[in-house]
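Colleague: Spelled out, the chains give:
There are 2 protein chains.
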Amino acid sequence: MPLLDLTADVVTLTAAVVDIASESHHEQVIADEVEARLLELDHLQVVRDGHTIIARTELGRSSRVVIAGHLDTVPANGNFPSRLDGDVLHGLGTCDMKGGVAIALHLAATVPDPAWDVTWVFYEAEEVAAEFNGLGRIARERPELLAADFAILMEPSDAGIEAGCQGTLRVDVTTGGERAHSARSWRGSNAIHAAGEVLARLRAYEPRRVVIDGLEYREGLNAVGISGGVAGNVIPDACTVTVNFRFAPDRDEAAALAHVQEVFDGFDLVVTDSAPGALPGLTAPAAAAFVEAVGESPRPKYGWTDVAQFSVLGVPAVNYGPGDPNFAHKANEHVPVEHLHRVERRLREWLTT
Amino acid sequence: MPLLDLTADVVTLTAAVVDIASESHHEQVIADEVEARLLELDHLQVVRDGHTIIARTELGRSSRVVIAGHLDTVPANGNFPSRLDGDVLHGLGTCDMKGGVAIALHLAATVPDPAWDVTWVFYEAEEVAAEFNGLGRIARERPELLAADFAILMEPSDAGIEAGCQGTLRVDVTTGGERAHSARSWRGSNAIHAAGEVLARLRAYEPRRVVIDGLEYREGLNAVGISGGVAGNVIPDACTVTVNFRFAPDRDEAAALAHVQEVFDGFDLVVTDSAPGALPGLTAPAAAAFVEAVGESPRPKYGWTDVAQFSVLGVPAVNYGPGDPNFAHKANEHVPVEHLHRVERRLREWLTT
Numbered sequence: 001m002p003l004l005d006l007t008a009d010v011v012t013l014t015a016a017v018v019d020i021a022s023e024s025h026h027e028q029v030i031a032d033e034v035e036a037r038l039l040e041l042d043h044l045q046v047v048r049d050g051h052t053i054i055a056r057t058e059l060g061r062s063s064r065v066v067i068a069g070h071l072d073t074v075p076a077n078g079n080f081p082s083r084l085d086g087d088v089l090h091g092l093g094t095c096d097m098k099g100g101v102a103i104a105l106h107l108a109a110t111v112p113d114p115a116w117d118v119t120w121v122f123y124e125a126e127e128v129a130a131e132f133n134g135l136g137r138i139a140r141e142r143p144e145l146l147a148a149d150f151a152i153l154m155e156p157s158d159a160g161i162e163a164g165c166q167g168t169l170r171v172d173v174t175t176g177g178e179r180a181h182s183a184r185s186w187r188g189s190n191a192i193h194a195a196g197e198v199l200a201r202l203r204a205y206e207p208r209r210v211v212i213d214g215l216e217y218r219e220g221l222n223a224v225g226i227s228g229g230v231a232g233n234v235i236p237d238a239c240t241v242t243v244n245f246r247f248a249p250d251r252d253e254a255a256a257l258a259h260v261q262e263v264f265d266g267f268d269l270v271v272t273d274s275a276p277g278a279l280p281g282l283t284a285p286a287a288a289a290f291v292e293a294v295g296e297s298p299r300p301k302y303g304w305t306d307v308a309q310f311s312v313l314g315v316p317a318v319n320y321g322p323g324d325p326n327f328a329h330k331a332n333e334h335v336p337v338e339h340l341h342r343v344e345r346r347l348r349e350w351l352t353t
Numbered sequence: 001m002p003l004l005d006l007t008a009d010v011v012t013l014t015a016a017v018v019d020i021a022s023e024s025h026h027e028q029v030i031a032d033e034v035e036a037r038l039l040e041l042d043h044l045q046v047v048r049d050g051h052t053i054i055a056r057t058e059l060g061r062s063s064r065v066v067i068a069g070h071l072d073t074v075p076a077n078g079n080f081p082s083r084l085d086g087d088v089l090h091g092l093g094t095c096d097m098k099g100g101v102a103i104a105l106h107l108a109a110t111v112p113d114p115a116w117d118v119t120w121v122f123y124e125a126e127e128v129a130a131e132f133n134g135l136g137r138i139a140r141e142r143p144e145l146l147a148a149d150f151a152i153l154m155e156p157s158d159a160g161i162e163a164g165c166q167g168t169l170r171v172d173v174t175t176g177g178e179r180a181h182s183a184r185s186w187r188g189s190n191a192i193h194a195a196g197e198v199l200a201r202l203r204a205y206e207p208r209r210v211v212i213d214g215l216e217y218r219e220g221l222n223a224v225g226i227s228g229g230v231a232g233n234v235i236p237d238a239c240t241v242t243v244n245f246r247f248a249p250d251r252d253e254a255a256a257l258a259h260v261q262e263v264f265d266g267f268d269l270v271v272t273d274s275a276p277g278a279l280p281g282l283t284a285p286a287a288a289a290f291v292e293a294v295g296e297s298p299r300p301k302y303g304w305t306d307v308a309q310f311s312v313l314g315v316p317a318v319n320y321g322p323g324d325p326n327f328a329h330k331a332n333e334h335v336p337v338e339h340l341h342r343v344e345r346r347l348r349e350w351l352t353t
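Heads up: the sequence lines are chains V and F, in that order. What the first sequence shows, in the UniProt record's numbering, is residues 1 to 353, in sequence order. What the second sequence shows, in the UniProt record's numbering, is residues 1 to 353, in sequence order.
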């Protein structure tokens, strides 16, 4: 007997998807089930790549959209399996992002003739290091499978549209010095004191706000770590400040790095992490139609999500899914039933009119 | 056959003392040997307490001096046993401080009738945490054994007199904040940025220089450690700067702390370590006679040594021993033969005239 009935009501279906445990790197069972159910649908062409399933309509429409969600969750935290309590469905993954996955599966099964060709993507390993990310692997190795005019990533967005995303850059800013016994500190040079200038520049920094496609993106430049010191009686000869720059999507990674280098002119910088932002791209016809169908003003996305994977491929993308993202990865993760119904209804309207 | 011949030349005797391994907490063999050899000397009254040996003349002199050295060493570092190479004796403890111990043992054996009554102290566990220090234990539990008008601690001082010592205070200065996702940094408050003010005060600080008994002591206020950060995408809510204040001996511990509290007014401080300085006390008659016998201008001691243990007991104390302290705890530790001979000769002159 199948674990999932894709024609069931989205609350029932979300609970069923949640109840298939699928912590990152353990997506075999859920991927097998999703693949099997999608293969039963004659209107979809199904491709499997690892534990990532791609199902496409081939209706010859003038536009194609991608609707994507990841199948994995973070580890359980006393919140498995699901539990329906009145108007709220509780449990691991209800918010991030099996509610969105269930809606996508339900629409894939019940909208055989959408107004746009649709590429449904259900992928693995979003919650772990980028190298394992199923969507990233497809984007690198089989980008033709993701070709589209517009993409919706069903990450929790409080059932509103969060457009584009910030980029993120992480650098280590290191200061040097010369060791000496702290009883004779004048013979050395204190690297932690030198790092004071790094912190002074961070404190004086005024982050930019920029409006793109009518959305205001706020940047931020912050120390997220600092470490220095040799021993309690030694003037330290090294200190490292780890700085995270969250940048608006009108800067690319190179421009973001150049900006940070300018801020820390005179210091040694080592880049430890970099990911591009994503422009909201709300002017594309399919995107504009989607915004109109949802009927709400898009908000800018603060944070980095896999929408950037689409942006790199030249596909405008938004986050749109049920659930408050503040409850993602929390023991009290949950999704409002109303979100599930509303997001399903709006997507159905957009796909069928 | 005895391991040590106290009447041997001080270079030979230093090598023999070095060649009895005595890393901290492993002083049994050396303490047994020192005790046995001192017990053979009729002019000394010997007390053993743990692995600390105290040998006293009881000649009824008007003044009493303490001459002390620790028996333990840091762990070997490819520098055991000793090796005589021309005018330099190499090896673990040659400098810190078995050269001084050998001179003291030699004088204890060969000066039976000194001008001042002498209390010779050979103690354990100086190189490890203060709670194990043999001299500190005697000072706390049997202070009468250390009663004297003047004390010489035979720590390496480049064969010059280093008078008194700085005190040391270590505090953790902690800043707080509020966590937030670094993509929405304006919702949090960055504790590392707040620590920038701590570093700013350290950078602006002008350490005092003060002359005491003709000696200039230099103070220093330094960050010796800093740590903060939760994760690469989190605005941190705590940062700790570990600050070490090395203070001139005209401040006591309470005054030193009050000063540091004033510097960091408005911040949370936790004291993690505090030890008093020691005034040079060169005006006492036995001290003045010693300075005259050595014939060199005393220098201030930069650093904390066990002379402070005597200072707490009201006994003025100096550091005076063979060897350059910069080579203590180093693989290339060594002592010049000339230092051994000179320090022995000067102490003998002072004790016998």
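Hints may contain errors.
Computed footprint of chain F on chain V, listed as stretches where at least three residues anywhere in the stretch have a Cβ under 8 Å from a Cβ of chain F [what the hints assert, rightly or not]:
(1) 63-77
(2) 161-175
(3) 230-239
(4) 242-251
(5) 299-312
Listed below are several chain F residues computed to face chain V (Cβ distance under 10 Å; list not exhaustive) [to be verified]:
(6) LEU221
(7) SER297
(8) ARG299
(9) TYR302
(10) ASN326
Treat the hints as calculated values from the structure; they're not laboratory data. Backbone N, C-alpha and C define an ideal beta-carbon position, used for all residues, glycine too.
Colleague: Each hint: holds or not?
Modeller: Verification of the supplied hints:
Under a criterion of three residues with beta carbons nearer than 8 Å to beta carbons of chain F, the stated coverage of the stretch 63-77 of chain V fails, only 0 such residues being counted. Coverage of the stretch 161-175 of chain V by chain F holds in this model, with 3 residues showing a Cβ closer than 8 Å to a Cβ of that chain against a need of three. Against chain F, the stretch 230-239 of chain V contributes 8 residues with a C-beta closer than 8 Å to a partner C-beta. That satisfies the three-residue criterion, and the hint holds. Counting residues of the stretch 242-251 of chain V whose CB lies closer than 8 Å to any CB of chain F gives 3, so the stated coverage by that chain holds, three being the minimum.
Restraint check on the stretch 299-312 of chain V versus chain F: 3 residues with Cβ-Cβ distances below 8 Å, three needed, restraint holds. Given the 10 Å rule on beta carbons, the hint for F:LEU221 holds: about 8 Å separates it from the nearest Cβ of chain V. Annotation: F:SER297 was flagged as interfacial toward chain V, and the flag is violated, the nearest CB pair being 19 Å apart, outside 10 Å. Interface hint status for F:ARG299: violated, as the beta-carbon distance to the closest one in chain V is roughly 12 Å, over 10 Å.
For the restraint placing F:TYR302 at the interface with chain V, the shortest Cβ-Cβ distance is roughly 5 Å, inside the 10 Å limit, so the hint holds. A hinted interface residue such as F:ASN326 counts as satisfied when its beta carbon comes closer than 10 Å to some beta carbon of chain V; here the least separation is about 9 Å, so the hint holds.
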